[in-house]
Each structure stands twice: as C-alpha cells, then as structure tokens.
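Trainee: Chain by chain, the residues run as shown.
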Amino acid sequence: MSSPENLVELGHLTKRFQVKQGVFARGKVEVHAVEDVSLTVHRGETLGIVGESGCGKSTTARLILRLLDPTSGTITFDGRDISKLSQRELRPLRREMQMIFQDPYSSLNPRKTVGQIVGQPFAIHGQKNARTRVQELLETVGLSPEHYNRYPHEFSGGQRQRIGVARALALSPKLIVCDEPVSALDVSIQAQVLNLLRNLQRDFNLTYVFISHDLSVIRQIADRIAVMYLGKVVELGESESIYEHPKHPYTAALLSAVPRATTGHRERIVLTGDVPSPISPPAACVFHPRCPRFHQGHCDVDTPVLRDLGVGQQAACHYPLEKWPMTDDEIRQAEGTIRADKPKLEGASAETG
Amino acid sequence: MSAGENRRLLDVRGLTVRFPTADGVVQAVSDVTFTLSRGETLGIVGESGSGKSVSNLAIMGLLNRQRTIITGEIEFAGRDLLTLPAADLQHIRGKEIAMVFQDPFACLHPMYRVGAQIQEAVLAHDEVSKSTAWARAVDLLGRVGIPNAKERARDFPHQYSGGMRQRAMIAMALVHNPAILICDEPTTALDVTVQAQIIELIEDVKREFDIGVILVTHDLGVVSEIADSVMVMYAGRIMEYGPARALFDQPQHPYAWGLLDSMPTVEKRLSSLVPIEGSPPSLLAPPSGCPFHPRCPYRFEPCPVDRPPLEAPVAAAHLDACWLPWDEKVRHGSERSLARLGDAA
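Heads up: the protein sequence lines correspond to chains A and B, in order. My numbering runs 5 ahead of the 1-based position in the first sequence. My numbering runs 888 ahead of the 1-based position in the second sequence.
No wet-lab data here; the hints were simulated from the structure. Here the structure is a predicted model, which means the values were calculated and not measured. Among these hints, one or two may not hold up.
Listing some non-contacts, in silico: residues in chain A with all C-beta distances to chain B over 10 Å [what the hints assert, rightly or not]:
1) V34
2) R99
3) V192
4) L220
5) E245
6) A262
7) G302
8) R312
9) E327
Here are a few chain B residues that face chain A, going by a calculated C-beta distance under 7 Å [as the list claims (entries may be wrong)]:
10) V1016
11) S1017
12) S1019
Built from N, CA and C at the ideal position, the CB exists for glycine as well.
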C-alpha cells in the first residue's frame, strides 16, 4: 500500500486519552481525540489540517511526529512503519521531522542565545562547530548573522518565529509540522512568515503539515487540505476544489462563517450550539446534531465514510452538497426532503428578521 | 453626522495618553479624535501596540490617573469624562458605558454562578431586590441566546463553553441598558463558527437596544462584517478614518493598503502576499514625521520631517493622514486593484 511519493501515510489512526473523573478520580473516561484517521502527505506538498479547537488537529500532528503514542492504527514515515518504534529507535528519524510551534514567546528558551537555540539540533546529533552553519541559517530565514549572540527577548514576535523556523531547518528535515505558526502574529508580520515558509519549501523541497484554524491562511499555503471535526476527517482533497465546491455541510458552514474584508452580501450558514464533548461523541456521523441536512434514521445510525466526490475530493457525508454557494433553504432540502422536524436555526432566522 | 446631533453619544477630541516608565515616556495614544452616534458601530483596527485598546481604557476611565498623563477631551452626554470626579465616573462606568473584554475565560469569576455575577452587576447600580436582580439576569441570558436560561443561570462558568461565556459577558454588559458598548477583541479567543454567532449577536444587540458600539479588533474581516465606520490606528495615531464601505473600497493610506494586501483571503489563493516590511516602532521613541514612514514603500521627502495632518482629500467623512498627493493615491489605488484582479484571473 505504501507508495514512494507519499512521505507520510496514516492508516486508521486512533488516539484516545484516559482522563479521570469524579472527586476521588475513581471514574475513568476516554477522550476520543483522533478517530480512525487515514490520510497521506505527498512529498513536497503542503497538507493543511483545519478545524476548530478540540477537533484533533494538533493531536494528529503530534502523532505523525510520534510525540504521542497512537492507541491503534499505523503511521508510515518515508516508507517505514514508525507507529511502534521505541523512543531510542526513533531518535535517528527525529532529524528528518521537525516542528514549528504556535507561540514564539514560549517556544524559545529565554536563557539561551539565538546561536545556542538554533545550534541545539547540531549538538544533539553530535555535530560540532556548527557556528557558520547556524549563521547561514539565520540569513536564510531573514535574520542577520550578528544576531547569533542575542537573546530571544531582544526580538519581536515575527523575528522570534523566524528563529523557530531556523531551528526547524537546522538538520535539513524532510517533514516540518507547523502548528499554528502564524496565529500569534500581527497580519503584516503573518504575511512575512507565510512568504518565508513558502520560499523555503521551494528552495529546500520541504514537505509541510500545516495546522491552522484560520481558513484564509490555509487557502494561501496548502495544496491539499483535511477538514477535521471531533477527531474525524470529514473532508479531504485538493485545496482549490474544497474551497470552491465544499461537499460536506460542515466545511460549507466553516467557509461561510469566515468574516471577509470585501464588499457585498453573501449567504451564511450559521451553526447553532457548540461542538459536542469528545468524551461521548454523537453516534454515527459526529456532525449530525448540528447539521442542517440531518436525516433521522440515517445520519444518526449509519457512520458515513470518506468517499470520492468529484476530482481529488472526498467527503464523509450521506447527503453531500450538490453545489456551492447555496442558500439556507437549499441546504436544508437534500434529495427532495425538507427538514420539517427541526425548527429553523436561531441564528439564521435572526439574520433574516 | 447625517443622523443629527441628538444621536451623538461620544465626542473624543485630541485624546493623548502617555505612560511615564523607567525607560522613558510611552506615547501610547496621540491626538485621537472621533465621534460615535447611536446605532453606529465604530471599528478600531490596528496591530498590537497601535493604541487601540488604550484609547478605550481611557474612555472607560480604567487608566490609573496617577500614573498616566491623559490630555484631550472625552465628551459624553455633555460632560468631559476626563475631568469628572471619580465618584461621578463610577455612575457612568458599567452603567452607561459598558465593556466586553477579549478573554471570556478570564473575565468570569470561576467560583460564582454565572447568574449571580450578572445579578451583582445589576445590584451595583440599581437598588432593587435580589430576586428582581436575579430575574433580570435570567432574562438577559435568555435574550443573548443562552438556551434554557433559567437553569443555566445556576451554572458555574466552567460549565459554559467559550461562546456561551462571551454571551454571558455581553448579557452582563447590557444589564443597565448602556448607551455605549465597547467590545475589545470580542471574538479573538473564539472558533470561527462561534465567532460568527457572536458577531451576529452584537449586531442584534445594537439594533434592539439602539446603542453605539465600539469594536476593537485586529481582524479586518470582522470589522468589514459589522462596522459602519472604521478607524485605522498605527503607533498610537489615526492613519485613516471614514465610513466602512469607503475605507474598504478605496483605502487611501499606504498603511491601510499594506494591511489589506498582507491579509490572506478565504475567497482565493493569491499569487503572493505582500507583507509590510519591518516591524512596528517602539512607542518610547516613535519615528519623526509620519510614524509609518520607515516601513512605507511610498515615502518621499516630507514624510520623515513633518507629520501629515488627518484631513479629507475628497469626501468630508473619509479622512487620512498621508502626504501623498491625491492623484498619486488614486494611481497606487488602481494599481492595487489591478494586481488583485490579476490574481482572480
């Protein structure tokens, strides 16, 4: 099943966390953080993972890097199953997979100089006298070699994120997992870092797994995307086709909820309520309690699986959207049946009223 | 403005805030002038350190008067809030001007029931019985869209989701029918689908209660959704100020161009983002002349020397502070839209 153009393959990956409940911690329950996720990351591409908080996107990223141990399922990195390797066996692979973190303020040790921070990977992997290499790296990410002896507090947020990027690049990795790398930055700086990441990918033939809750950022950087909801991938495919023609109602709702700085009115699907608890996720389709196309006796009984819908696009939905954009009424009306069982969504009625 | 003077709520003139620190004086806000009317949503946008939050803290009277130098005028209901005795300010703050903060997780006391905290807000300004105050709390929770408000009022904050907490904070701000609601980054901590709900709620609240809303945010998308007028701030100063439609359709200041061009959009993938080079200046020693000139690609001789005044080149309501001649701005503006159109093709 393993194909040479795939750098990472996830097969039915599941991660559950045991949490204690109750005053004396007698009850133990499981958080279904990632449920049965199968996806691939091609070499040289950027796979965007998008979803709201608690959807399992960061857990998936940490599983790919084996920073967490999967409950079940397989992780294949560069043709090799790494899901059961011990930490010792993983160590030589660590240099090939790196991570860029969200918060540039807490991910750099304030007591170390920039040179020590970026030089740390060389030290760990037994390369001495890395000073020239570190200075080259600083230049690559748009800092100056003179910054070598400075401390992180002397830098702004955007510059700190560049230091984090330099550290990730140090050992020429094959894969870089970026966990919300621009969320903590101001817009003008965010664009600088996004452009930097894109140029580095071109120059060093990097593969990115890019996690973000920001759909505009994902659209700008990702070639393919995976939309996650409550631990499951609900839609997967080419970025352009998903943004132009979302098939899963959740993807559509997510897209329509993004505020935009352009003129003109548009249809908006407002989801009511909140994401259910991952401790006891809804039966069958996890989205059914909030879904405008919910069909009783089908969506809450049969679990939808990812299936091909159009070119390079898969969605896990029994009633995928026929077109896009759609009005609220069209969304409700799937295959000739109008959902009369559930009242109109509050938000939607408030908007028209 | 067009709605007439009697709808005018707030008149801020020449507001300047300075923080003396051990390192020098931080020039947080300089010479900020704007107005707010009933039924108007004013969006204040800017990056971190642009002075957008400090301006609002000054309006709320939440800056320590001993440690801050505040000059200018903040006229509300015929009185200048800056010279008002603290006791009188207490009657306005939280009653006639209410505020919703960014982080709904930090703003509610974790050990008191949500209803009790709103009840307390009622009792702070009204002499009513506790049961009346509780009823008012339940009523408001229902109106901001908390389902089953009667029971949920008895919940503790940790039993609420982020969106529900922000709704509760809005309910708390509304207890005394304020004239002005200041929302400081109200949706930044929330997920995008919840953010959409809160934006709609703020819209509904504005209409239903006929109040003026000041929305502070770094997100231009949120502002374009609900603001009627927009003020773009940079390094403590107003760079551009005008009706939202005009500002988004024809931005006039290079900083506004920079902000819009560096923002990725969900509508299409741009061939490349155009970032603003460099980083925001230190407010201890802001640049001479126009504060944006070190990062501005269009700077010329007068920019580092003289500070451009905030004026309207064409439409009286659309102001900007930039030395570029009008025809230059039009030319750059059309180049910008051409570049964006090129992306669409």
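Trainee: A separate judgement is required for each hint: does it hold in the structure or not?
Mentor: Status of the hints after comparison with the structure:
no.	hint	result
1	V34	holds (17 Å)
2	R99	holds (31 Å)
3	V192	violated (5 Å)
4	L220	violated (5 Å)
5	E245	violated (7 Å)
6	A262	violated (4 Å)
7	G302	holds (25 Å)
8	R312	holds (24 Å)
9	E327	holds (21 Å)
10	V1016	violated (29 Å)
11	S1017	violated (32 Å)
12	S1019	violated (28 Å)
Hints 3, 4, 5, 6, 10, 11, 12 from the list above are not met by this structure, while the remaining hints are.
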